[in-house]
Amino acid sequence: MKGLRSMRTGPTTAMTSSGRARSMKEQVFSKSDWLKRLRALAGSTRIYVPVKEPEFHVFRILGEGVEPDFDYRNTRLSPKAIIYPSSERLFECSLDEKDPACNIFKDVDKDRTPLAIVGIRPCDAHGFGIVQRNFDNPEYKDPWWVSRFESCTLIGLGCSSPGSTCFCSSVGGGPFSEKLLDVLLWDLGDQFMARAVTQKGETFLAQAGGGAEADQVAKKKAEEVEKSAAKRLGRTISADRIRGKKINDLFNADFWEDVAFGCINCGTCTYLCPTCWCFDIQDEVFGKTGDRIRNWDSCMFPLFTLHGSGHNPRDKKVQRLRQRFMHKLKYYQDKYNAGVQCSGCGRCVQHCPVNIDIREVADRMNNV
Amino acid sequence: MERYTEEIRKRAGNLLKEGKVDLFIGYAGGSVPMMNRPILVRRPEEAELLQWDSFCGLNLANYLTGCKERIGVIANGCNSRNIVNHIVENQVKREQVYILGVPCTGMIDRRLVSSAVGGKDILSVSEENGTVTVETAGSKEQLNKGDLLQQNCRICTHRNPVIQDEMIGDPVEEQKGLEPFADVSEIEAMAPGERWEHFSRLVSNCIRCYACRNACPLCYCPTCFVDDSRPQWVGKGSDPVDTMTFHLMRAYHCAGRCTDCGACERVCPVGIPLRQFTRRLNRDAWKLFAWEAGMKLDERPPLDAYRPDDCNDFFR
Chain P
10 MKGLRSMRTG PTTAMTSSGR ARSMKEQVFS KSDWLKRLRA LAGSTRIYVP VKEPEFHVFR
70 ILGEGVEPDF DYRNTRLSPK AIIYPSSERL FECSLDEKDP ACNIFKDVDK DRTPLAIVGI
130 RPCDAHGFGI VQRNFDNPEY KDPWWVSRFE SCTLIGLGCS SPGSTCFCSS VGGGPFSEKL
190 LDVLLWDLGD QFMARAVTQK GETFLAQAGG GAEADQVAKK KAEEVEKSAA KRLGRTISAD
250 RIRGKKINDL FNADFWEDVA FGCINCGTCT YLCPTCWCFD IQDEVFGKTG DRIRNWDSCM
310 FPLFTLHGSG HNPRDKKVQR LRQRFMHKLK YYQDKYNAGV QCSGCGRCVQ HCPVNIDIRE
370 VADRMNNV
Chain A
3 MERYTEEIRK RAGNLLKEGK VDLFIGYAGG SVPMMNRPIL VRRPEEAELL QWDSFCGLNL
63 ANYLTGCKER IGVIANGCNS RNIVNHIVEN QVKREQVYIL GVPCTGMIDR RLVSSAVGGK
123 DILSVSEENG TVTVETAGSK EQLNKGDLLQ QNCRICTHRN PVIQDEMIGD PVEEQKGLEP
183 FADVSEIEAM APGERWEHFS RLVSNCIRCY ACRNACPLCY CPTCFVDDSR PQWVGKGSDP
243 VDTMTFHLMR AYHCAGRCTD CGACERVCPV GIPLRQFTRR LNRDAWKLFA WEAGMKLDER
303 PPLDAYRPDD CNDFFR
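Going down the list, the protein sequences come from chains P and A. With positions in the first sequence counted from 1, the corresponding number in our numbering is that position plus 9. With positions in the second sequence counted from 1, the corresponding number in our numbering is that position plus 2.
Keep in mind that a hint or two might mislead.
Claimed, not checked - The list that follows gives simulated cross-link-like pairs (lysine-lysine, PhoX-like), each with its CA atoms no further than 20 Å apart:
| no. | chain 1 | residue 1 | chain 2 | residue 2 |
| --- | --- | --- | --- | --- |
| 1 | P | Lys325 | A | Lys122 |
| 2 | A | Lys298 | A | Lys95 |
| 3 | P | Lys61 | A | Lys122 |
Unchecked claim - Some but not every residue of chain A turned toward chain P, in silico, with C-beta under 8 Å:
| no. | residue |
| --- | --- |
| 4 | Arg39 |
| 5 | Pro46 |
| 6 | Leu125 |
| 7 | Ser206 |
| 8 | Asn216 |
| 9 | Ala217 |
| 10 | Val236 |
| 11 | Lys238 |
| 12 | Gly239 |
| 13 | Val243 |
| 14 | Gly258 |
| 15 | Pro275 |
No lab work stands behind these hints: they were computed from the structure. C-beta atoms are modelled at their ideal positions from N, C-alpha and C, and glycine is treated no differently.
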């Protein structure tokens, strides 16, 4: 954990035992004014907001004609792609033999436009913290992920009414958790109450301007919203005993075949997940240029582990499914000692076409 | 629909008890509303888990591919037609499967339920005699099942199994007087450029998760062309050209084989109406060869057989 938040300038006030910044000056913004101010900022910062499209919500860049909808549960796809696109060009080279630099890969310019994700849910912000362990750690710093994340401000919107498949509070988060956030917003009806959690967040709010100091009425209201949200959280998961179990006992448990029967080995769970980070590198040629591209990959796909020799150590779907849950709930815990690789957003629970439910699998692993 | 559950449990349990089948494949209730899961039943007492209702839209033929055991399986019209496909295409033997036929009055599209309640978080859904009761936080709404059907079920003319060893319940009346390809005509009426735009828009949200392909009982190739790496036919990233290539090639590979079961649409996590890619091909099969996939055990599919009366000159 140490160093993980190093890029985030620390909180501006002391933390209470619950990890919450104390006595921070909360501000209130009228919703219509807030939107106007976001639009004004959108000239210098690329601001992502939740937008309702016919079927579901997605994060889009705030621009002309883009109407944010902050009255939403969550986006269908997690916002991880804003920092870690599903396909990203890393290097390029010329394939023109007359070019002296032919076949020599060069860095593609990194985009350092300041970003802000406004309205991100605390679970998805927590998701960035999990993905960060892979892309930004003492051993490796992924320049593409790190530069984009550093330039991003996370303006979280607390969940007043968590969904029935949400379980953030049992995996180290919460509907109003400040983890990884720069600002946390409370929806108070016609107002947002905002608390800057980091210096970066304070700067963002100052740039936006127009906030008035929150009075006791607003604070009281926010407290009530928070309390009622906590009550609405549905099922919890328990993974606390998994860490103490032997890998082999879990690996050889008899329930995997059962869980895997229905699995169609699609990438829905991994691609909707805010915490799955695996990728594949591909070279592609277009005319006289070559690109080296990083694409999301999924441990559900047979190709994920196919060796050059033709051997595939995970050629059965049960092996692939087991890998996904073992990684999230066991290997990750063992390696980082920081909980599970899941932020409890519930997307996979809701959208797995064959209803494989991570909450049930965690229970089964916990009870091996 | 729901009233067949008891009978299915009883019959599946007996088949296992009597040793007529080694395994039984059916649906069980899921952990979230409207999401049943396919299950494999091995012991008679586990048959109690089986369930039949309007959320059994995944095609079970998908789970028969390559099975060596004797398998009992629940089959409505779609499942049975894909089982026929599987037998004709040598993916499973007729004598291996014991088909417990069940009439179907259509599957419910959970997206329609969700929009009918204004996108509210759905806590439970139950159905009785065509009335669907949806419970959300703070409300209970009654909806008409007929308004919530999957698109393919609205135009379905094979609600009863076309092949079975035993029926649960009496066959239901088949829908008549429908215009089955009105959707195709609409797309056909577009100018070519407009049509290309239309299909490009359809797949613009595609995340290449391959849920459509993997839920499709026709897609049993050991290695799909998109997964080939030597040679690599298609780029694996999110380039629109590659995404479109995947969808078009997959659709063509289903020509004359697609039963319009709707599994592809049902599973798509981003709501792509994937049937729009296969519907025209289904109509061609019908118009040119008077062919509906999965109806006959003793006839080869049109694109896999030579016929002297073929509709194409070059073929004769």
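Less than 8 Å between beta-carbons is the criterion; does Val236(A) satisfy it with respect to chain P?
violated, 11 Å
Below or equal to 20 Å on CA atoms is what counts here, so check Lys61(P) against Lys122(A).
holds, 14 Å
Does the interface hint hold: is Asn216(A) within less than 8 Å of chain P, judged Cβ to Cβ?
holds, 4 Å
Chain P contact restraint for Pro275(A) - C-beta distance below 8 Å
Because about 10 Å separates Pro275(A) from the closest Cβ in chain P, which is outside the 8 Å limit, the hint is violated.
Taking the closest Cβ pair, is Ser206(A) under 8 Å from chain P?
violated, 10 Å
Closest C-beta approach of Leu125(A) to chain P relative to 8 Å, hint status:
It holds, given that the least Cβ distance between Leu125(A) and chain P is near 6 Å, below 8 Å.
Would the stated hint for Ala217(A) survive a check requiring a Cβ distance to chain P of less than 8 Å?
Cβ of Ala217(A) sits 5 Å from chain P, so the hint holds.
Restraint satisfaction for Pro46(A) [CB to CB of chain P, less than 8 Å]
violated, 17 Å
If you take the shortest Cβ to Cβ gap from Lys238(A) to chain P, is it below 8 Å?
It holds, given that the least Cβ distance between Lys238(A) and chain P is near 5 Å, below 8 Å.
Using Cβ atoms only, decide whether Gly239(A) comes closer than 8 Å to chain P, and label the hint accordingly.
holds, 4 Å
Would the hint linking Lys298(A) and Lys95(A) be met if the CA-CA limit is 20 Å?
Holds, at roughly 14 Å.
For a C-alpha distance cap of 20 Å, please report whether Lys325(P) and Lys122(A) respect it.
violated, 38 Å
In the structure shown, a violation is registered for the earlier hints numbered 1, 5, 7, 10, 13, 14, 15, in ascending order.
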